Amino acid sequence: MGLETKGIYTVHEFTLAVKSTLTTGQFNDVWIRGEISNYTNHSSGHRYFTIKDKNSQLACIMFKWHGRNLRFEPEHGMKVLVLGDIDVYEQRGVYQLKVRDMRPDGIGELYKAYEQLKNKLAMEGLFSPDHKKPLPGFPTKIGVATSPTGAVLHDILTVLKRRYPVNILFIPTLVQGQSAAQSIVSSIEALNRTDVDVIILGRGGGSIEDLWGFNEEIVARSVFNSRIPIISAVGHETDYTICDFVADVRAPTPSAAAEIAVPERQELATQISRLRDRLIETQKRYLSDKQSRISELRSTVDPRLLLERVAQYMQYVDELAQKQASGFGRLLEVKQALLDAHAGKLDAISPLGTLSRGYSITLKLPHKTPVRCIADIEISDEISILVKDGKIKCVVNDKEECKWT
Amino acid sequence: MDMSFEESLTELEGIADKLEIGQLSLDESLLLFENGIKLVRECNKKLKNAKQNVEKLILENGDIKTEPFDVQE
Numbered sequence: 001m002g003l004e005t006k007g008i009y010t011v012h013e014f015t016l017a018v019k020s021t022l023t024t025g026q027f028n029d030v031w032i033r034g035e036i037s038n039y040t041n042h043s044s045g046h047r048y049f050t051i052k053d054k055n056s057q058l059a060c061i062m063f064k065w066h067g068r069n070l071r072f073e074p075e076h077g078m079k080v081l082v083l084g085d086i087d088v089y090e091q092r093g094v095y096q097l098k099v100r101d102m103r104p105d106g107i108g109e110l111y112k113a114y115e116q117l118k119n120k121l122a123m124e125g126l127f128s129p130d131h132k133k134p135l136p137g138f139p140t141k142i143g144v145a146t147s148p149t150g151a152v153l154h155d156i157l158t159v160l161k162r163r164y165p166v167n168i169l170f171i172p173t174l175v176q177g178q179s180a181a182q183s184i185v186s187s188i189e190a191l192n193r194t195d196v197d198v199i200i201l202g203r204g205g206g207s208i209e210d211l212w213g214f215n216e217e218i219v220a221r222s223v224f225n226s227r228i229p230i231i232s233a234v235g236h237e238t239d240y241t242i243c244d245f246v247a248d249v250r251a252p253t254p255s256a257a258a259e260i261a262v263p264e265r266q267e268l269a270t271q272i273s274r275l276r277d278r279l280i281e282t283q284k285r286y287l288s289d290k291q292s293r294i295s296e297l298r299s300t301v302d303p304r305l306l307l308e309r310v311a312q313y314m315q316y317v318d319e320l321a322q323k324q325a326s327g328f329g330r331l332l333e334v335k336q337a338l339l340d341a342h343a344g345k346l347d348a349i350s351p352l353g354t355l356s357r358g359y360s361i362t363l364k365l366p367h368k369t370p371v372r373c374i375a376d377i378e379i380s381d382e383i384s385i386l387v388k389d390g391k392i393k394c395v396v397n398d399k400e401e402c403k404w405t
Numbered sequence: 406m407d408m409s410f411e412e413s414l415t416e417l418e419g420i421a422d423k424l425e426i427g428q429l430s431l432d433e434s435l436l437l438f439e440n441g442i443k444l445v446r447e448c449n450k451k452l453k454n455a456k457q458n459v460e461k462l463i464l465e466n467g468d469i470k471t472e473p474f475d476v477q478e
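These protein sequences, in sequence, are chains A and B.
Counting from 1, one number per residue, gives the positions in the first sequence under the numbering used here.
Counting from 406, one number per residue, gives the positions in the second sequence under the numbering used here.
No lab work stands behind these hints: they were computed from the structure.
Just to be clear, a hint being listed does not mean it is correct.
[To be verified] Residues from chain B shown here face chain A by an in silico Cβ test under 8 angstroms; the list is partial:
| id | residue |
| --- | --- |
| 1 | Cys448 |
| 2 | Asn449 |
| 3 | Lys456 |
| 4 | Glu460 |
Bear in mind the structure is a predicted one, so any value in this text is a computation, not a measurement.
The beta carbon of each residue, even a glycine, is placed where N, CA and C say it ideally should be.
Build out the structure end to end from the sequences listed, making use of the hints.
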């Protein structure tokens with residue numbers, strides 16, 4: 001009887017009936033917590049898996065177009081939260097969850113996802129020093145992307161003001177929660193359309209969940225693709241986000257980012273005054289060099305110097321003359337002494353000496369030639385005999401040759 | 406004229422180097438020295454007059470706009 005009244009479904013009709021009951025919307029947009037098993041990433045791009053807990057399991061499918069936004073690669077045994085709508089797969093008559101989003105559930109899973117993305121991007125070279133853009137030494141405009149509330153903006157502005165006040169373009173950015181990643185990306189893109197010459201991307205400290213936005217792939221890629229250098233200052237000194245690795249410079253804190261971004265005004269003032277001192281010192285030295293060169297040259301053409309030189313020459317001439325004179329005197333003395341010596345000798349052999357010793361000298365007249373031998377004289381010759389004190393005129397009346405010796 | 410601080414500083418360093426190397430005529434060196442001192446003044450003025458100006462960037466239907474931003478101390 002029941003058969004008559006209720007009618008008979010075909011399998012397909014029944015399945016459709018169940019499906020229509022299940023898909024009224026009551027089971028749409030549900031978050032379900034569970035552990036992945038039987039995970040298959042099919043070559044079609046769709047992912048098939050089951051999520052289960054101690055008592056139950058649920059078939060899941062994630063279509064390719066939803067899987068594209070996954071921030072990590074699901075693995076067997078991973079604890080996840082899945083968001084989806086219930087559906088019935090008519091061919092097999094099973095209900096399943098069409099998963100639209102999936103997140104790691106719990107800190108352990110977040111770390112796993114973090115490591116996965118980090119490795120993937122590292123392999124792609126996104127962290128490579130080759131891609132790091134140099135920061136401008138003297139930025140004129142700094143883009144700051146951070147939360148409008150909280151201490152981060154205040155810290156950055158305070159440090160910048162103290163060190164070196166510049167123009168700042170602040171873009172309010174969500175740094176926590178569901179939409180953080182998207183907000184960060186759009187801030188980076190917006191700042192890239194402005195004339196800022198460096199960007200500080202900042203956020204205060206927090207748990208890995210709080211900082212998660214900075215660990216998402218879209219943020220990493222956006223930082224990597226930024227035309228303008230980015231300083232990442234997310235969390236505390238010990239927190240490293242993926243964003244930190246991709247950024248051109250990682251600062252341990254937002255305040256540190258501000259310090260890195262601009263030079264210190266006082267240091268610059270010191271540098272300038274050192275340069276000024278150098279200029280002045282160099283110029284002074286240059287001028288005094290020139291001056292001493294000039295006085296050097298002047299002294300070489302000074303007329304007083306000429307006079308002095310003439311005087312010197314005159315003195316030299318005098319000196320020479322004096323030397324000459326004294327030399328001549330000495331020569332005379334020597335000659336005089338020589339003369340005296342010779343005169344003495346001459347005296348000794350002089351005929352006058354012979355006379356004074358009592359001998360006489362005979363001279364033949366008229367020519368007064370000395371008579372030296374007997375042959376010098378003839379009988380009747382007139383002769384003069386000289387003695388010490390007079391002369392005797394005689395005529396020779398005889399001569400005789402004698403041998404005295 | 407209107408050089409950035411960075412350009413002024415670079416030029417100033419260049420002048421100091423040139424003067425130190427020497428081999429300049431008196432006129433050249435005096436001219437350089439004068440320029441250098443002028444740059445020192447400009448740099449100091451720029452440093453002294455540096456001011457913090459904060460603007461807020463707003464996205465509106467894909468357009469970017471800026472408005473003054475008051476910093477609460």
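Outcome of the hint check:
1. Cys448: holds, 5 angstroms
2. Asn449: Holds - the Cβ of B/Asn449 comes within 8 angstroms of chain A, reaching about 6 angstroms at its closest.
3. Lys456: Constraint on B/Lys456 satisfied, holds at 5 angstroms.
4. Glu460: With Cβ-Cβ at 5 angstroms, under 8 angstroms, it holds.
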